[in-house]
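Trainee: What follows is the residue order along each chain.
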Amino acid sequence: GQQVMQIPQYQHVQEGEDFTTYCNSSTTLSNIQWYKQRPGGHPVFLIQLVKSGEVKKQKRLTFQFGEAKKNSSLHITATQTTDVGTYFCAGQYSGGSNYKLTFGKGTLLTVNP
Amino acid sequence: DAGITQSPRHKVTETGTPVTLRCHQTENHRYMYWYRQDPGHGLRLIHYSYGVKDTDKGEVSDGYSVSRSKTEDFLLTLESATSSQTSVYFCAISPESNYGYTFGSGTRLTVV
Numbered sequence: 035g036q037q038v039m040q041i042p043q044y045q046h047v048q049e050g051e052d053f054t055t056y057c058n059s060s061t062t063l064s065n066i067q068w069y070k071q072r073p074g075g076h077p078v079f080l081i082q083l084v085k086s087g088e089v090k091k092q093k094r095l096t097f098q099f100g101e102a103k104k105n106s107s108l109h110i111t112a113t114q115t116t117d118v119g120t121y122f123c124a125g126q127y128s129g130g131s132n133y134k135l136t137f138g139k140g141t142l143l144t145v146n147p
Numbered sequence: 002d003a004g005i006t007q008s009p010r011h012k013v014t015e016t017g018t019p020v021t022l023r024c025h026q027t028e029n030h031r032y033m034y035w036y037r038q039d040p041g042h043g044l045r046l047i048h049y050s051y052g053v054k055d056t057d058k059g060e061v062s063d064g065y066s067v068s069r070s071k072t073e074d075f076l077l078t079l080e081s082a083t084s085s086q087t088s089v090y091f092c093a094i095s096p097e098s099n100y101g102y103t104f105g106s107g108t109r110l111t112v113v
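Residue numbers (the working numbering), protein chains in the order written: chain A, 35 to 147; chain B, 2 to 113.
Calculated from the structure, these hints are not laboratory results.
Treat the hints with care, since some could be wrong.
Cut-off 30 Å, straight-line C-alpha distance, at most; resulting in silico cross-link-like pairs (DSS-like, lysine-lysine) [claimed, not checked]:
{"#": "1", "chain 1": "A", "residue 1": "Lys70", "chain 2": "B", "residue 2": "Lys58"}
{"#": "2", "chain 1": "A", "residue 1": "Lys104", "chain 2": "B", "residue 2": "Lys12"}
{"#": "3", "chain 1": "A", "residue 1": "Lys104", "chain 2": "B", "residue 2": "Lys58"}
{"#": "4", "chain 1": "B", "residue 1": "Lys12", "chain 2": "A", "residue 2": "Lys134"}
{"#": "5", "chain 1": "A", "residue 1": "Lys134", "chain 2": "A", "residue 2": "Lys104"}
{"#": "6", "chain 1": "A", "residue 1": "Lys93", "chain 2": "A", "residue 2": "Lys134"}
{"#": "7", "chain 1": "A", "residue 1": "Lys85", "chain 2": "A", "residue 2": "Lys70"}
{"#": "8", "chain 1": "B", "residue 1": "Lys58", "chain 2": "A", "residue 2": "Lys139"}
{"#": "9", "chain 1": "A", "residue 1": "Lys90", "chain 2": "A", "residue 2": "Lys70"}
{"#": "10", "chain 1": "A", "residue 1": "Lys70", "chain 2": "B", "residue 2": "Lys12"}
{"#": "11", "chain 1": "A", "residue 1": "Lys91", "chain 2": "A", "residue 2": "Lys134"}
{"#": "12", "chain 1": "A", "residue 1": "Lys139", "chain 2": "A", "residue 2": "Lys90"}
From chain B, some residues computed to sit far from chain A (all C-beta separations above 10 Å) [said to hold, decoys possible]:
{"#": "13", "residue": "Thr14"}
{"#": "14", "residue": "Thr72"}
{"#": "15", "residue": "Asp74"}
{"#": "16", "residue": "Thr83"}
{"#": "17", "residue": "Val112"}
To give an idea of the chain B side of the interface with chain A (calculated C-beta under 7 Å), a few residues [to be verified]:
{"#": "18", "residue": "Leu44"}
{"#": "19", "residue": "Leu46"}
{"#": "20", "residue": "Phe91"}
{"#": "21", "residue": "Gly101"}
{"#": "22", "residue": "Ser106"}
Fair warning: this is a prediction, and the values are worked out from it, not measured in the lab.
Beta carbons: idealized from backbone N, C-alpha and C, even for Gly.
Input sequences plus hints: build the corresponding full structure.
Mentor: Here it is, written out as structure tokens:
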């Protein structure tokens, strides 16, 4: 089946350091979405990328979609303690049923103040 | 998020008993989904719905059934709960299949 691989599984940083998580699919994606889940909370939608090579920014967060639409990354500049949580990518595939997202297993980010 | 509620928030049940979890939305979204979240497995799709009485299986549907008789309600039933179904269950909604999802606050289910 289609899988979205996400690395790293865990990342611990000092406050102020940068953070990046990567997602990779073996097949071309129709689009990719990113979610954040705070400890004890539920996933919250951050953004969707659709176009090849697309780059979007939200304050200190930068999201990229690869040229081949098989990989994506989320980069956080100068992390803060409020960035703590698990970041998930989720991909949709072209063809067949496009109702379903395939989630990566997430990257748990912890920030040392 | 406002607009989607799950009930109950917590439940402890015994092996072999039936359990129904409810997801209620006030957004009039067409698509509704049930996921389970377990350590090391991330979010896995159980069942989803693309309209009233239109449902389909996800990747981990064995032991689960769903019903959607109204746009606003999507029910997940464990016919005979097993310990392997101990998990956190999330409902999600979206207006179209290629839009971002809004998740409910989750139901923590423990089967003893």
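Trainee: Could you run down the list of hints and mark each one as holding or not?
Mentor: Results for each hint:
no., hint, verdict
1, Lys70(A) - Lys58(B), "holds, 25 Å"
2, Lys104(A) - Lys12(B), "violated, 39 Å"
3, Lys104(A) - Lys58(B), "holds, 25 Å"
4, Lys12(B) - Lys134(A), "holds, 27 Å"
5, Lys134(A) - Lys104(A), "holds, 17 Å"
6, Lys93(A) - Lys134(A), "holds, 29 Å"
7, Lys85(A) - Lys70(A), "holds, 21 Å"
8, Lys58(B) - Lys139(A), "holds, 20 Å"
9, Lys90(A) - Lys70(A), "holds, 16 Å"
10, Lys70(A) - Lys12(B), "holds, 25 Å"
11, Lys91(A) - Lys134(A), "holds, 25 Å"
12, Lys139(A) - Lys90(A), "holds, 22 Å"
13, Thr14, "holds, 22 Å"
14, Thr72, "holds, 16 Å"
15, Asp74, "holds, 19 Å"
16, Thr83, "holds, 23 Å"
17, Val112, "holds, 21 Å"
18, Leu44, "holds, 4 Å"
19, Leu46, "holds, 6 Å"
20, Phe91, "holds, 6 Å"
21, Gly101, "holds, 4 Å"
22, Ser106, "holds, 5 Å"
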